[in-house]
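As they're listed, the protein sequences go chains A and B. Per the numbering used here, the first sequence starts with residue 23, numbered consecutively. Per the numbering used here, the second sequence starts with residue 17, numbered consecutively.
Examples of chain A residues toward chain B, derived with CB under 8 Å:
hint, residue
1, Asn-24
2, His-28
3, Thr-36
4, Asn-100
5, Val-102
6, Arg-104
7, Lys-107
8, Ile-108
9, Asn-109
10, Gly-110
Sample of chain A residues with no beta-carbon within 10 Å of chain B, all distances over it, derived:
hint, residue
11, Met-58
12, Ser-113
13, Val-133
14, Phe-247
Cβ-Cβ distance ranges computed for the label pairs, FRET-style:
hint, chain 1, residue 1, chain 2, residue 2, range
15, A, Met-181, B, Lys-87, 29 to 39 Å
16, B, Pro-55, A, Arg-180, 28 to 38 Å
17, B, Thr-72, A, Ile-114, 20 to 30 Å
If you're looking for bench data, these hints aren't it; they were derived computationally from the structure. Note that beta-carbon positions come from the ideal geometry of N, C-alpha and C, so glycine has one too.
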Amino acid sequence: MNAFIHHFTFEFRTGIRNKTSLLMNYLFPLGFYLMMGFVMAEINPPFREDIIPAMVVFGILSATLLGIPDPLVNARENGVFRSYKINGIPSISILSIPALTTVLHLVIVSVLITATAPLFFDAPLPVNWLNYAIIFVAMAFACAGLSVLIGVVSPSSRMTVLWSQLIFVPSMLLGGLMIPNKMLPDIAGKIAQLLPATQAMNAFNGLAMGEVADFSPWGSVIILFISGVLAFGLAIYLFSWDSRNTTRRGHPLLALLVILPYALGILLLS
Amino acid sequence: MSDPVIEIKDFRKTYADFVAVNCISFDVKQGEIFGLLGPNGAGKTSTLECLEGLRTPNGGSLRVAGIDPAKEPRKLRNLIGVQLQSAGLPESITPDEAMSFFCAYHDVAPRFDLLERLGLADKRNDQFYELSAGQQRRLVLALAVAHNPQVLFLDEPTAGLDVATRAELHGMMRELQTSGTTVILATHDMAEAEQMSDRVAILLQGRIVSIGTPMEITATGAGLTKISVRTQDGSLSVSDIPFSAVSQHTFKDDYNIYFSSDIGPTLSALITHIEAQGDMLIDLRVERPSLEDRFIEITKTGVPQ
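Bound-form chain A, shown alone:
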């Protein structure tokens, strides 16, 4: 437990001390939130209804997908994991602690957004706080798992950026943050359901914000939790201490299994 606390404390401090982590955890989400609040809410007033869930989801995407994978890849490639292995630091701590500390940073950012949006932008507060918290945890868990998995399977920083952007950019465009899912063409709407952001926005709308969900909101929560479990499980299974000297237990493409819950969701949720 003592070891866990020291590890957690160090990782949490890194999230503020490291300039890139600070940018992804705080500056980018909060800066974007302020920009969208001041600009988008003026151009498109109905955006006020969604600003809290949309900016919380954006914060989660930024801190996890853009913040978690690269440090993992760098640590592995620079021999940090080898050093950890020699000193008996388990792989589960290496993968879970950065995810947990990121979630803690996200809690801070989300509280700031939720507390200030009604004051600054006249945004409505959630009507069901428990569901709001559950959806936040589910989305953070799913995205943290996905990010850790990307960090584990990516051979280099370049590939990390590619994989992360492959989820981040479509999430921004199709995930319901800017344009509601129901306004998308049918096919685009279905493809959007492969994204955690779409599931989270659907769940927030249906269960926490007092709006109407486009498809089963509890189904979305379940998909997020299952994909999170699957992503962490795959990350632990595919983890390698050192890309040059140790062989993985499975092919990195196995990581694509993480899409499965979302794909099943398209077929099963209505």
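Since the structure of chain A is provided, determine the placement of chain B on it from the hints.
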């Protein structure tokens, strides 16, 4: 020094078709400082990494403190300390955090005194990337010894260190040796290996080509002993007597320099000659071939077939 703490028997490590280490065997006793020498690609790092449990051997058996590193790596963690060649610490960690963090995983109290001893007292709250290369190596060394390991693996420990820190490290190695710690020292610095090691093994193309004390290894070579002599009247300078076993004679800075294959007869003949000429000996220096000379000789000769 008594029981073997490291036992290596017919150890083999391959990477696809490349044989990095080819059936080597040796023991290292408790409290011994054992030097592992060899040119790049000789198999030193592969050997070390298999002993540390970072890689799995392809053949033979390895035991470190009675434990098979490949089968029981977790048991090994508190018994060994490792200073890797690469830094291997997160960029943003501070020396204080690193000490607390690693000691917590070894379940021992943090040894902040080691940071002070290794000259990191005023750097304890700096981030790892802000430290100089030498400071980074010192921190990694402090972490490697903080949990009092039975076996300490040092890979190029003094690379990039200044003279004072290097002396401090050597002093620390001697202290650890006195307390019974076995030290495996992989280095390219022959002077360091010769000075610090009780025994050394020279690896070449994955095989041990020479093993023994530095004295034993240097004695087996074909190297010549250098004898530098200075006399009051310079009687040797005008002499062209072929002294016994001398194969080469030069003159530099008032010194006559002889290269001898058999030091006893040469010295005897030189002193007899000086006395016979009524001259007086001012300075006499004998330099046997160094480990570096022997290492170069071995690596030039190659692996015996």
